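Enquirer: Given the coordinates of chain A, assemble chain B with the ligands onto it according to the supplied hints.
Chain order of the listed sequences is A and B. Take 1 as the starting number for the first sequence in our numbering and just add one per residue. Take 1 as the starting number for the second sequence in our numbering and just add one per residue.
The set of hints was computed from the structure by calculation and includes no laboratory data. As the structure is a prediction and not an experimental result, all values here were calculated from the model. C-beta: ideal position from N, C-alpha, C; glycine also. Errors might be hidden in some of the hints.
List of simulated lysine-lysine pairs, DSS-like, C-alpha gap at most 27 angstroms [to be verified]:
id, chain 1, residue 1, chain 2, residue 2
1, B, 123, A, 436
2, A, 841, B, 15
3, A, 841, B, 19
4, B, 120, A, 447
5, A, 844, B, 15
6, B, 135, A, 436
Over 10 angstroms on every C-beta distance to chain B, these chain A residues come out as not near it, computed from the model [said to hold, decoys possible]:
id, residue
7, 40
8, 96
9, 141
10, 156
11, 220
12, 224
13, 287
14, 477
15, 553
16, 725
17, 748
Here are some, though not all, of the chain A residues that point toward chain B, as calculated from beta-carbon distances under 8 angstroms [unchecked claim]:
id, residue
18, 757
19, 762
20, 765
21, 768
22, 769
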Amino acid sequence: MKVLNKLSLKNLLLNKKRSIGTLIGIVLSVALVCAVAGMFISLKDTLVQTAIQSQGNYHIELYNQNDEDVKVLENNRDIEEIEILNDIGYSDFNEKTEDRPYIHLYSYKDEKSFTNLTVDLLDGRYPKNSNEILISEELYLLNKDKYDIGKNITLNYGERKTLDGYVMTKENPYNEDEVISNSIERTFTIVGIMDRDYELDPNGDPGIGCLTLGLENNFNKQHSVYIRLKHPTSYEKSFSEILGTTFTKKSPIVTDEYSVNASLLRWQVLKFDSGTTTMIYSLITILLVIIVVTSVFCIKNSFDISVMEKKKNYGMLASVGATKKQIKKSVITEGLMLGVIGIPIGIIVGYIAVFILTIIVNSVIGDFITRNVEMRCIISLFPILVSIILGVVTIYFSSLRAAKKASKVSPIDLIRNNDDVKINKKKVKSPSVIKKLFGIGGVIAYKNLKRSKKKYRTTVISLAVSVFVFISMNTFMYYTFSVTGTYYKNIDYNVMVTSAFDDSPKMEDVLKVSGTDDYTMLYQSKWTSDGYLEISDLSKLTDFGKDIMDEGLKEQGCFDERKDTYNLDCNKKLQMNVIGIDENSFKEYAKKLGLNYNSVKDKGILINNYRYINADNVQIEKGIYNYKKDDVIKGIYNKKPLEIEVAKVTDKRPRGLERYWSYGGYLIVSEEVFHDLGFTPYILTIQADNPTQVSLDINEKIPELSVVNIEENVQAEKSIYLLMSIFLYGFITVITLIGVTNIFNTITSNLELRQKEFATLKSVGMTRKEFNWMINLETIFYSIKALIYGVALGLVGSYLIYLATASNMDYGYHFPLAAIIISILAVFILVFIIMRYSMSKINKQNIIETIRKDNI
Amino acid sequence: MEILKVQNLSKVYGKGENKVIALNDVSFSVEKGEFVAIVGASGSGKSTLLHLIGGVDRPTRGKVFIDGKNIYEMNDDQLAIFRRRQVGIIYQFYNLIPILNVEENITLPLELDNRNVNQKDLKELLELLGLERRKNHLPNELSGGQQQRVSIGRALITHPAIILADEPTGNLDSKSSDEIVSLLKKSNKDYKQTIIMITHNMEIAKQADRIIKIEDGKIVQED
Ligand SMILES: Nc1ncnc2c1ncn2[C@@H]1O[C@H](COP(=O)(O)OP(=O)(O)O)[C@@H](O)[C@H]1O
Ligand SMILES: [Mg+2]
Chain A
1 MKVLNKLSLK NLLLNKKRSI GTLIGIVLSV ALVCAVAGMF ISLKDTLVQT AIQSQGNYHI
61 ELYNQNDEDV KVLENNRDIE EIEILNDIGY SDFNEKTEDR PYIHLYSYKD EKSFTNLTVD
121 LLDGRYPKNS NEILISEELY LLNKDKYDIG KNITLNYGER KTLDGYVMTK ENPYNEDEVI
181 SNSIERTFTI VGIMDRDYEL DPNGDPGIGC LTLGLENNFN KQHSVYIRLK HPTSYEKSFS
241 EILGTTFTKK SPIVTDEYSV NASLLRWQVL KFDSGTTTMI YSLITILLVI IVVTSVFCIK
301 NSFDISVMEK KKNYGMLASV GATKKQIKKS VITEGLMLGV IGIPIGIIVG YIAVFILTII
361 VNSVIGDFIT RNVEMRCIIS LFPILVSIIL GVVTIYFSSL RAAKKASKVS PIDLIRNNDD
421 VKINKKKVKS PSVIKKLFGI GGVIAYKNLK RSKKKYRTTV ISLAVSVFVF ISMNTFMYYT
481 FSVTGTYYKN IDYNVMVTSA FDDSPKMEDV LKVSGTDDYT MLYQSKWTSD GYLEISDLSK
541 LTDFGKDIMD EGLKEQGCFD ERKDTYNLDC NKKLQMNVIG IDENSFKEYA KKLGLNYNSV
601 KDKGILINNY RYINADNVQI EKGIYNYKKD DVIKGIYNKK PLEIEVAKVT DKRPRGLERY
661 WSYGGYLIVS EEVFHDLGFT PYILTIQADN PTQVSLDINE KIPELSVVNI EENVQAEKSI
721 YLLMSIFLYG FITVITLIGV TNIFNTITSN LELRQKEFAT LKSVGMTRKE FNWMINLETI
781 FYSIKALIYG VALGLVGSYL IYLATASNMD YGYHFPLAAI IISILAVFIL VFIIMRYSMS
841 KINKQNIIET IRKDNI
Chain B
1 MEILKVQNLS KVYGKGENKV IALNDVSFSV EKGEFVAIVG ASGSGKSTLL HLIGGVDRPT
61 RGKVFIDGKN IYEMNDDQLA IFRRRQVGII YQFYNLIPIL NVEENITLPL ELDNRNVNQK
121 DLKELLELLG LERRKNHLPN ELSGGQQQRV SIGRALITHP AIILADEPTG NLDSKSSDEI
181 VSLLKKSNKD YKQTIIMITH NMEIAKQADR IIKIEDGKIV QED
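Chain A on its own, in the form it takes in the complex:
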């Protein structure tokens, strides 16, 4: 047996070129598997880090737990760690404002909670005892001198109570009649400033949140408990136990008693949100299947080839008495030896790729996606294990087949010098066209292809698979890009300002700050609930319009038992948004729609389409109303009848409204003409020379407004596309490389095995030119064959991808012409180069030497 092992090793070393070919195949496949799995793990880690960063490192938060409850939780073995938060109470303070009249004091029990629950420290440090306090930036901004690090602050904190003695919590808005009772005075030193924490300090809470350490709640002794599970995977069981009721995937994640940190669980367990995770899993599965199929094909082929080339060896072994089993074992050992070298290299290469990709991700995407979280290259067991298993299994089965073949080689085959390739016996009549066009070289090439199909099958399939993958992936990219890429397409402004509050006359001041003429101001009605044009004539609605109206009413709670609590008017009607637009922009807009400004200035332009994503995650976009040009829209506006004539029905939106969708539709009118409707600024879009500076200026001078630097978003979006392209094209490249390795192995071996045949052709008088011509024809013939299969399959694949991703939207099927042309060129160039390479070696060889190899 030892001899045979030695022989396996010798075979590998002697047959260096073939071994390297196989090795490259193994390394690429393993590296690709490892990179995909490693990237997946790193991405998962990033998302987990992001979730921890934004929500905190806990899985569930329980409200209103008393000391005994806490003790029970502390003894629960499923729980890794708990954090205790006490609501200490509200305190009056001098700088109070109308909607923030209090300071709301909280305290963690342990110092570790500040980091575990990611309190976002802007300056200073976390409190170390109950005499120190961390204040919200909001408080600091109210009086920068008084509320600063190092200063003392004295609070009189107590419970908020209504006049009739009800205790009020952070969910209850400020009531003029409420009082603070049972207050206690305490002085703290300010040690740090934190960003507003919306967990502690949600919208609507009348108190500005501040944090200290180790204070007890003196009124009700209740705590909020944040729980981190030991085994997040079995969260359903653990939650059920903790809550005392059955908790399943479908249970609500937020109730009066608890709140689940779903974003952390989702990424840690990859189970929570079925839609997203199904998508991730199916994507990974598709990628892995493509990798496995291509690599099995490549590696298997490599082994087949090397067995074919070493047939003589095996015949010789058999003739000196090696059993079939021994020969099999020798081939498999050879394969595993390659695996032992190739798999570790593949894993290293794969991780280098992951490392480089994370660097690219961090530099390209920067802070756009994940605030403060860097993508890390996580080296973990899973990708390594997957790579090893897939690698070993692939190598084992590939070499098993080759081993069987090798063991079938009998000494007789060796003596009779039988050709390995079964030749198709059927009579092949080469069409006379071929002879006329290509001469005898063409005829031989043609017969070669027809009679020894099997020899070419691998090459043809490899080429076809690569073409198929390329065309399909290309379509996938096309639709992903065009679906998501329309977001900021055709937008001719770079700063967008909206008001955080309903009523914001300051919007007009922005124009002074930005100092630009190129702007569009959109106005909405200043009456929040009555500022719509209410259409009660349902005959003006399309079926789609009626459906979404019903849907919308349902959502607003009209069909809910408690509808009166919302005081909603549930009559069937649609509320059309009347949007005013500044005079200049109205002129521009009318011009763009091909309208004459003077004849339409006292009319309205109806934006009739509504787009939404339905329950099946499909985007739907249709028209709402039946109105046509020159119809008069009649309805009630601010409790009075209003009639506006339609100048045009369109889905082209004015600047700034591109991303707003309402199932009531939008009616665009001139603000100047319809001034009496009571407009207030809504959205301002500016085309600024220096969007970054303008955004900063606005932010600083009028902080009440929210400013979006569109240009920055466009950049962010571009980076994401860039990244996706890097991933997908990287993937395509490696898959293609595996294919190329395979094709290279096949072609070179084919040509080498046929050397003698070529020498014979030359010895009976074929010139070199004729010979090269024949080989080129052969190449062209099977490239065409591969292209026919590959392109046909690719079109099917691309159509399926179209059906899966984009058919529900407005995009028609996009014929992947560019991809097809690239494929055709690439296939011919590639095959031609490989052929040339092998041919140059063959042509160099002396006819006699080749013939002599067997003849001496």
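Expert: Same frame as chain A, now just chain B with the ligands:
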């Protein structure tokens, strides 16, 4: 008429220590229609001589004239064309093209030359070779003797000036060997085909018109 003339032909392989003088200043000539046997020990240079005559290899020194033409004055392509018209080579291991059937293998040199196949000629040749009923078979479906007959057919089809056979019977049993030799003799007689044949077997050699004996790359005996 002198169809072949070999003049001071030498072939040296390798350099320095590895230098092998495979052929050392060999000269002789062959008349049209002659059947010459070349004998000699293994490694004496017989194959080298034959390959040089056939123009599939080039000599270190010396000249070869076939039909009065100095074949080494031609370039590779001219030589290839010359070869397919004027020289037929038969090897010990047949060297047929595996994907071509008997008929296609035989007519290959004509096809390469873009010449039409004379069906009557072909039928006659197949009869002579005893392969009429095998013309559509592929090489791997034939016995060694049959394969060798195909390669003889391939050499004969162009009616070349000269046929070179390198141990055509070396791989065959005695019955098949006899068949092959008588076939060669028959074509020598019927077509006045000039043949130069290498063999180990003195019995076979004796059937030739003339025997040339080679030792260490030199002609040591000619009769
Ligand atoms: N390519 C080569 N390189 C070096 N030596 C060679 C080569 N081909 C043949 N020889 C040597 O030349 C000599 C003659 O070989 P060959 O003509 O094949 O002999 P024969 O056919 O008579 O057995 C031998 O010693 C052989 O080893
Ligand atoms: Mg020899």
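Enquirer: Would the hint on residue 765 of chain A be counted as holding, given a Cβ-Cβ threshold of 8 angstroms to chain B?
Expert: holds (2 angstroms)
Enquirer: With d taken as the least Cβ-Cβ distance between residue 141 of chain A and chain B, does d exceed 10 angstroms?
Expert: Given that every Cβ of chain B is farther than 10 angstroms from that of residue 141 of chain A, nearest at about 87 angstroms, it holds.
Enquirer: Beyond 10 angstroms from every chain B Cβ: check whether that's true for residue 224 of chain A.
Expert: holds (82 angstroms)
Enquirer: Assess, step by step, whether the Cα of residue 844 of chain A is no farther than 27 angstroms from the Cα of residue 15 of chain B, and give holds or violated.
Expert: holds (20 angstroms)
Enquirer: Is the hinted pair residue 123 of chain B and residue 436 of chain A satisfied, with a Cα-Cα distance of at most 27 angstroms?
Expert: holds (25 angstroms)
Enquirer: Quick check on the hint: residue 769 of chain A CB to chain B CB, less than 8 angstroms?
Expert: Hint holds; residue 769 of chain A Cβ to chain B Cβ min 7 angstroms, cut 8 angstroms.
Enquirer: Quickly compare the C-alpha distance for residue 120 of chain B and residue 447 of chain A to 27 angstroms and report which way the hint goes.
Expert: holds (25 angstroms)
Enquirer: Are all beta-carbon distances from residue 725 of chain A to chain B longer than 10 angstroms?
Expert: holds (45 angstroms)
Enquirer: Verify this label for me: residue 287 of chain A is non-interface relative to chain B, using a Cβ-Cβ cutoff of 10 angstroms.
Expert: The assertion about residue 287 of chain A holds, with a minimum of 40 angstroms to chain B.
Enquirer: With d taken as the least Cβ-Cβ distance between residue 40 of chain A and chain B, does d exceed 10 angstroms?
Expert: It holds; residue 40 of chain A is separated from chain B by about 48 angstroms at its closest Cβ, greater than 10 angstroms.
Enquirer: Just double-check residue 553 of chain A for me: nearest Cβ-Cβ distance to chain B has to come out over 10 angstroms.
Expert: holds (77 angstroms)
Enquirer: Checking the smallest CB distance to chain B, is residue 156 of chain A really beyond 10 angstroms?
Expert: holds (101 angstroms)
Of the numbered hints stated above, none is contradicted by the structure.
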